[in-house]
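Trainee: Top line first, the protein sequences correspond to chains D and S. Positions 1 to 331 (the numbering used here) are the ones given, in order, by the first sequence. Positions 1 to 344 (the numbering used here) are the ones given, in order, by the second sequence.
If you're looking for bench data, these hints aren't it; they were derived computationally from the structure. Note that CB positions come from ideal geometry on N, CA and C, so glycine has one too. Treat the hints loosely; a few may be bogus.
[Unchecked claim] If you want the footprint, here are the derived chain D segments under chain S, 3+ residues with CB under 8 Å:
id: 1; region: 72–82
id: 2; region: 111–121
id: 3; region: 186–195
id: 4; region: 241–255
Listed below are the residues making up each chain.
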Amino acid sequence: MVAGTGALVRSQLGASGVGRETVDRLARWLLAAVAVDLIFTRFVVRLAIFIPKGEPWATAGAVLGRVGAATDALVAIVGLLLLGALLVRAGRLGRGADRAILVALSVVAAGGLALVYLPPSPAISIVLDLLVAAVALAAGIRVGREGGTPVVARIGLVSLALALALAPLGRLVDLAGLLAGATDGRSEAAAGLAIGALGQLAFVLGAAFVGLGGVVSRRPFDRSSHRIAVLGLVAALVVLSAGARAPAMWGALAIWSVGLGGTVPTAAVALALGLAVAGLPMLYRRAPALAIGASIVLLSGYGLAASGLVLAGLLGVVLARSDALADPVTR
Amino acid sequence: MRDWIRPDVRSLGLAAVGLAALLSLAGVPVTSAQGTTLFPARVDGSLPVDAPFDPAWDRVRPVDVALSGQPIVPPMRLEPAFPSVRVRSLVNGDRIAVLLEWTDPTRDESVLGVDVFADAAAMQLALGSGTSICMGQRAGGLNIWHWKADWAADLAVRQDLEDVHPGLPADVHFPTPEGDDSFGPDGFLAGQAAGNPRSAASLVSSVEDLNAVGFGTLTTQPPEGQNVHGASEHRDGVWRVVMSRALSDGDPNDAVLRPSGPAAVVAFAVWDGSRGDRDGQKSVSAWLALALPQQPIGLLDAWPVLLLLLVGLGLSGLVLYYGARQPAVGLGWPHGRPDGGATG
Chain D
1 MVAGTGALVR SQLGASGVGR ETVDRLARWL LAAVAVDLIF TRFVVRLAIF IPKGEPWATA
61 GAVLGRVGAA TDALVAIVGL LLLGALLVRA GRLGRGADRA ILVALSVVAA GGLALVYLPP
121 SPAISIVLDL LVAAVALAAG IRVGREGGTP VVARIGLVSL ALALALAPLG RLVDLAGLLA
181 GATDGRSEAA AGLAIGALGQ LAFVLGAAFV GLGGVVSRRP FDRSSHRIAV LGLVAALVVL
241 SAGARAPAMW GALAIWSVGL GGTVPTAAVA LALGLAVAGL PMLYRRAPAL AIGASIVLLS
301 GYGLAASGLV LAGLLGVVLA RSDALADPVT R
Chain S
1 MRDWIRPDVR SLGLAAVGLA ALLSLAGVPV TSAQGTTLFP ARVDGSLPVD APFDPAWDRV
61 RPVDVALSGQ PIVPPMRLEP AFPSVRVRSL VNGDRIAVLL EWTDPTRDES VLGVDVFADA
121 AAMQLALGSG TSICMGQRAG GLNIWHWKAD WAADLAVRQD LEDVHPGLPA DVHFPTPEGD
181 DSFGPDGFLA GQAAGNPRSA ASLVSSVEDL NAVGFGTLTT QPPEGQNVHG ASEHRDGVWR
241 VVMSRALSDG DPNDAVLRPS GPAAVVAFAV WDGSRGDRDG QKSVSAWLAL ALPQQPIGLL
301 DAWPVLLLLL VGLGLSGLVL YYGARQPAVG LGWPHGRPDG GATG
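Just chain D, same shape as in the assembly:
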């Protein structure tokens, strides 16, 4: 069959295959974009502060900064494209809940763009934070209630969705106090910090459970599984070593890159990272949508302020449903 017969094919096919494939590929673009954003914008560009100030290093540092800014924009652009594709597909196939989640996500995306050029107000911030939390929880619950995928990994995804919901809820408590006219703010600030700490815990637990779900689903292990497991072990050891040798530096990098502010001990973060690195490729063979969605959430980070990353993280939870992506094994 060739592309030129598209009109005939359109009339003969159901919609699910086409929409799913487009979503599938855009989801992989988004995964690549957040991975590059993590590596460049949130890691390499930050390390560029160590580059000497003289030429040609200064120019190299400036170029790195530009690449980081472009990557930041790329996440938002690909996220918007993917959201459009999901909306088109949901219009044809989706249930009411899917449509409602995506419409709410569209408002979040529009808010992220609007606030680039317009000043926020406490009320608008509360609306947007509530929508972010609602989308994360609703999409997470839908993944959690879905059968057919490893239950441990699903628990992990729900935990990640909970983390995405808790991040804005922490701010929301403070904003609510502002709108209510409270002038002290100490109790709201303390509650916000506690919610933020819970969110970090949920994020790390989510990473660990998603990875563990992948590892458990892969038994018995073959040769490639062993290689991936070694990769996870190396990742965990690198984090452990960095945390032990330079805890302050590691703390700064953890906040900058994935938004973990030190609530969870480094050893637990290392274990979760190791499980995620080892388990997600294994999970991909069994439940590709869940693996790609969880990877996008993890690479987007916890509670990072950039609106593009907020959109990407929420899209990751939406994509984790098994019917969101095409099954690569069938192709």
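Following the hints, position chain S against chain D.
Mentor: Structure of chain S alone, referenced to chain D:
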């Protein structure tokens, strides 16, 4: 080529990469900060810019901004000297004032010793997008307001080495022609002659207005650009520092603060002189947004944002409707078997 990278979606992805590159080169941001936001309270009339303990400040809801150490470059501070700094802000039609408050039992106001350092606080404002919280970068610089306790003390009564070390033998001064007093009563002083603001015979403010585009690039603005007013008071073990500036000053080195514009991106730092804090040894915050209200804030006052949210809502409904009307539609039509099979 892997079969999932089909030409149509690949072209769309490459177009996205190109668009992202163009936007970043043009300095057009597409992402906003959705983290903690400071909302200054709007008042009519003058701001209490010279009275850090004015009751007006206590009617403003503060934001507790968490601080961390600075473990990146020497001199480092691995643990923060203070867990947080409380930030309040007031704005009227033409001026903004920011109050920083933190608990510090020691009042360190002198730098007249080799191992003596003063308390200090700073607020940095991003100039455009693409900056770095670590003193900025060439892709995006910073405007920094740096309050110094020693400058504040000098504004009241200037202290010099002779005051701290009575009987200090005078160093050999650079010889000047007999009768030439153009360098002032102390004769030629290298720091003053070089224009070092720390050596200035007189100060106009306790806050220095600076710019930076990376480590080692911190530069003071020229005297005519020093337009940040400072006031401070240490009472019962608590520092309160007010920094204020006109909202619009036309200085390209200063951050633009527009009530109708997007939120400014800011971060804070505090130094504890008694613990040896100076230079990069400081307690720092993460980025926050500073949103200036055009008028007393309410839901309907933010109508442009509401309008855009409604546009987003309407667009998503239209796309859903479009999808519902199409029997088989995606963004682009994959080559090969649309059921996901290999190209036939």
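Trainee: Now look at each hint and say whether the structure bears it out.
Mentor: Checked hints:
1. With 8 residues having a beta carbon nearer than 8 Å to a beta carbon of chain S, the region 72–82 of chain D meets the requirement of three or more and the stated coverage holds.
2. Restraint check on the region 111–121 of chain D versus chain S: 11 residues with Cβ-Cβ distances below 8 Å, three needed, restraint holds.
3. Coverage of the region 186–195 of chain D by chain S holds [criterion: at least 3 residues with CB-CB distance below 8 Å; count 3].
4. Counting residues of the region 241–255 of chain D whose C-beta lies closer than 8 Å to any C-beta of chain S gives 7; at least three are required, and the coverage claim holds.
Hint compliance for this structure: no hint is broken.
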